[in-house]
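Undergrad: Residues per chain, in single letters:
Protein chains: 2
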Amino acid sequence: MSGSKYENRKLDRALGTDSAIGADWRWVSPGEKPLALTGLPWFRQDGAYRRLPVRPAYPLRPEVDRLANFPTGVQIRLRTDSPKLAVRVELAGPSGAYTMTPAVQCGVDCYLGGPGEQRYVSTSRFDPEASAYESLLFENKGDGMKDITLYLPLYQGVKDIAIGVAPSAELHRFPAFADSRKVIIYGTSIVHGAAASRPGMAYPNMLSRRIPLEFVSLAFSGNARGEKELALLAAEIDHPGLLVLDYEGNVLSFESLVETLPAFIRTYRQAWPEVPILVLSQIRMAKEAFDPELRRERERRLALQRNIVERFRLAGDANVHFQSGKDLLGDDYEECSADSVHPSDLGYRRMSDALLPVFERLLGL
Amino acid sequence: MSGSKYENRKLDRALGTDSAIGADWRWVSPGEKPLALTGLPWFRQDGAYRRLPVRPAYPLRPEVDRLANFPTGVQIRLRTDSPKLAVRVELAGPSGAYTMTPAVQCGVDCYLGGPGEQRYVSTSRFDPEASAYESLLFENKGDGMKDITLYLPLYQGVKDIAIGVAPSAELHRFPAFADSRKVIIYGTSIVHGAAASRPGMAYPNMLSRRIPLEFVSLAFSGNARGEKELALLAAEIDHPGLLVLDYEGNVLSFESLVETLPAFIRTYRQAWPEVPILVLSQIRMAKEAFDPELRRERERRLALQRNIVERFRLAGDANVHFQSGKDLLGDDYEECSADSVHPSDLGYRRMSDALLPVFERLLGL
Numbered sequence: 001m002s003g004s005k006y007e008n009r010k011l012d013r014a015l016g017t018d019s020a021i022g023a024d025w026r027w028v029s030p031g032e033k034p035l036a037l038t039g040l041p042w043f044r045q046d047g048a049y050r051r052l053p054v055r056p057a058y059p060l061r062p063e064v065d066r067l068a069n070f071p072t073g074v075q076i077r078l079r080t081d082s083p084k085l086a087v088r089v090e091l092a093g094p095s096g097a098y099t100m101t102p103a104v105q106c107g108v109d110c111y112l113g114g115p116g117e118q119r120y121v122s123t124s125r126f127d128p129e130a131s132a133y134e135s136l137l138f139e140n141k142g143d144g145m146k147d148i149t150l151y152l153p154l155y156q157g158v159k160d161i162a163i164g165v166a167p168s169a170e171l172h173r174f175p176a177f178a179d180s181r182k183v184i185i186y187g188t189s190i191v192h193g194a195a196a197s198r199p200g201m202a203y204p205n206m207l208s209r210r211i212p213l214e215f216v217s218l219a220f221s222g223n224a225r226g227e228k229e230l231a232l233l234a235a236e237i238d239h240p241g242l243l244v245l246d247y248e249g250n251v252l253s254f255e256s257l258v259e260t261l262p263a264f265i266r267t268y269r270q271a272w273p274e275v276p277i278l279v280l281s282q283i284r285m286a287k288e289a290f291d292p293e294l295r296r297e298r299e300r301r302l303a304l305q306r307n308i309v310e311r312f313r314l315a316g317d318a319n320v321h322f323q324s325g326k327d328l329l330g331d332d333y334e335e336c337s338a339d340s341v342h343p344s345d346l347g348y349r350r351m352s353d354a355l356l357p358v359f360e361r362l363l364g365l
Numbered sequence: 001m002s003g004s005k006y007e008n009r010k011l012d013r014a015l016g017t018d019s020a021i022g023a024d025w026r027w028v029s030p031g032e033k034p035l036a037l038t039g040l041p042w043f044r045q046d047g048a049y050r051r052l053p054v055r056p057a058y059p060l061r062p063e064v065d066r067l068a069n070f071p072t073g074v075q076i077r078l079r080t081d082s083p084k085l086a087v088r089v090e091l092a093g094p095s096g097a098y099t100m101t102p103a104v105q106c107g108v109d110c111y112l113g114g115p116g117e118q119r120y121v122s123t124s125r126f127d128p129e130a131s132a133y134e135s136l137l138f139e140n141k142g143d144g145m146k147d148i149t150l151y152l153p154l155y156q157g158v159k160d161i162a163i164g165v166a167p168s169a170e171l172h173r174f175p176a177f178a179d180s181r182k183v184i185i186y187g188t189s190i191v192h193g194a195a196a197s198r199p200g201m202a203y204p205n206m207l208s209r210r211i212p213l214e215f216v217s218l219a220f221s222g223n224a225r226g227e228k229e230l231a232l233l234a235a236e237i238d239h240p241g242l243l244v245l246d247y248e249g250n251v252l253s254f255e256s257l258v259e260t261l262p263a264f265i266r267t268y269r270q271a272w273p274e275v276p277i278l279v280l281s282q283i284r285m286a287k288e289a290f291d292p293e294l295r296r297e298r299e300r301r302l303a304l305q306r307n308i309v310e311r312f313r314l315a316g317d318a319n320v321h322f323q324s325g326k327d328l329l330g331d332d333y334e335e336c337s338a339d340s341v342h343p344s345d346l347g348y349r350r351m352s353d354a355l356l357p358v359f360e361r362l363l364g365l
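Quick note, the sequences are listed as chains A and B, same order. The working numbering numbers the first residue of the first sequence as 1 and each following residue consecutively. The working numbering numbers the first residue of the second sequence as 1 and each following residue consecutively.
Please note that the accuracy of each hint is not assured.
The list treats identical chains as one, so a pair stands whether inside a single copy or across any two.
As the list claims (entries may be wrong) - With a Cα cut of at most 25 Å, we get these calculated DSS-like pairs of lysine-lysine:
no., residue 1, residue 2
1, Lys141, Lys326
2, Lys287, Lys141
3, Lys84, Lys287
4, Lys84, Lys159
Bear in mind the hints are in silico, worked out from the structure with no lab data behind them. Nothing here was measured: the structure is a model prediction, and the numbers come from that model.
Bound conformation, chain A alone (with noise of 0.2 Å):
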């Protein structure tokens, strides 16, 4: 058998994936009351876990319009006393990325505990070819009531998904959040949560564990371009309590960046005037620490976003905010990276402690 596709799960069964989960399930919506589904605005309107109108007004580049369709920030919420849970997922898709475990784009996350107290549970486990697999989240947890975080897919559209619990289990709401309002964050494929070992490990996952607030990520990996429909989509979302402009990273030029940045605040502020406005600039990726001409041109590209944001300021929006990404990192930045370009988890969780100070500022937290 050796060199066979699987050998390491033989060898080590701590590596294997569920078989069958067996009979004795209720299995629910998360669209169903009390369940709550957050991270995914037009869910209401259209029906499908999707993160832009199926229908948007505005003409979206086809790959915009497919990375929509990978649920990355969205999670379910719900209170049982079921001492057992299950997920049952058809994808569009299997997995297969080089960088990435076929958990994080295709696999739920589940956290136990209520807001601000979620702990890491278990992943679900299925095989990395197959495109819909059902999967045991835990068992033998007891009748207490539980709060339950699931995150989905990052980077694999979810076509449907169940959640079992014991038959007889009761199903409340997760403890409410502190307000109506969304932080909402536009970005790249950081934002994303390419090479997270799994979907709670994308930074605006692990920041919606620290501030009990709902997140909307507006992350469209290799494609965020700040293209004016994305601004017209995000203004579309409502209660906004904070919007960040995550999105250096996806832009063909300076150029791009010059002309893009002013006139996405611009068209957002004509929706909502006083809604803080976070700009943040690149992080620093590995492959910069050995290419000057790389990093000369980041730190350029941070000088024309810091300047951008100052003369939004200067013209008497004080709600437009500027958050260098340069020493989010740390000093050994290129250690962070799973792929000299993507942190991994390392690096997002450095990035959630940086970030959870500023975020918290301007909620007013």
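Given the coordinates of chain A, assemble chain B onto it according to the supplied hints.
TA: Using the frame of chain A, we list chain B on its own:
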């Protein structure tokens, strides 16, 4: 193309893999001087990328025999003025694990810099379904002398590997180690590096960048059971500076630890009466957070290992040491895990930070 297996690579080029790297290369073997190949004590004898002898004098369980072909901890070190570097790898099979990236299973990590100053540059990029690949690690880095460290794949056999440099490049020895002593670590999938994002992030590999000695990883994912044969093979490795026993997680029972740990130490002691031995108890696995029984069992095993070490010390062997793994990951230990069992880069980095002063003290550094 919606739902295509490699959709995310099409949507975001930064997630893609290498195409052909072209001609104009000189290919050298890691076994050729002046390259240094570390972590393979039997390479000079057998000529194979295998961490145990091809024909060991003691019978091995088939799982251990096969896992010895996964070259975790193995490094190639060289100094060259080549402005570019590539790798050509022939694997025993493709990747395919569920909680692991193809990169960590089958990839090669490249670091630049002298001992103690190595900085991550890149990981080889390849089709996750490929069993052989060529990949560019860097280019256009100038003609200056560069110290290069390459880490071999953690979870797949390597039948052959060659390093590509510019045809006219000079090859020299990487700067020497502080001395000839080796740090030998025997252990589980956590020593093996399961769920790290890339090869350089296994904790022995991290520590090898901070301690200027050769490291030998005797990690056997799921199969480090403290067998006498492994103690005998570990004792065959010359110039030991420190032997670490981090295998608690793989024993089948408490009784098996009672039986194997003193025997392993005594067997090793017959060959090496003075070499420091560090017994490291298990880190807290994420799944113990909601499982008091698991926590109690880990605490019981911790006390056992501490007691066994204490008995050796009372009997006059002051060079047997104990380190609790309990607090290595911190209070939010579950967040350090990729899959509820194995650490992600976040967890491995915390292990490395906590173990560095312990290793340094025992090595007298």
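Undergrad: So which hints don't hold here, by number, going up?
TA: none
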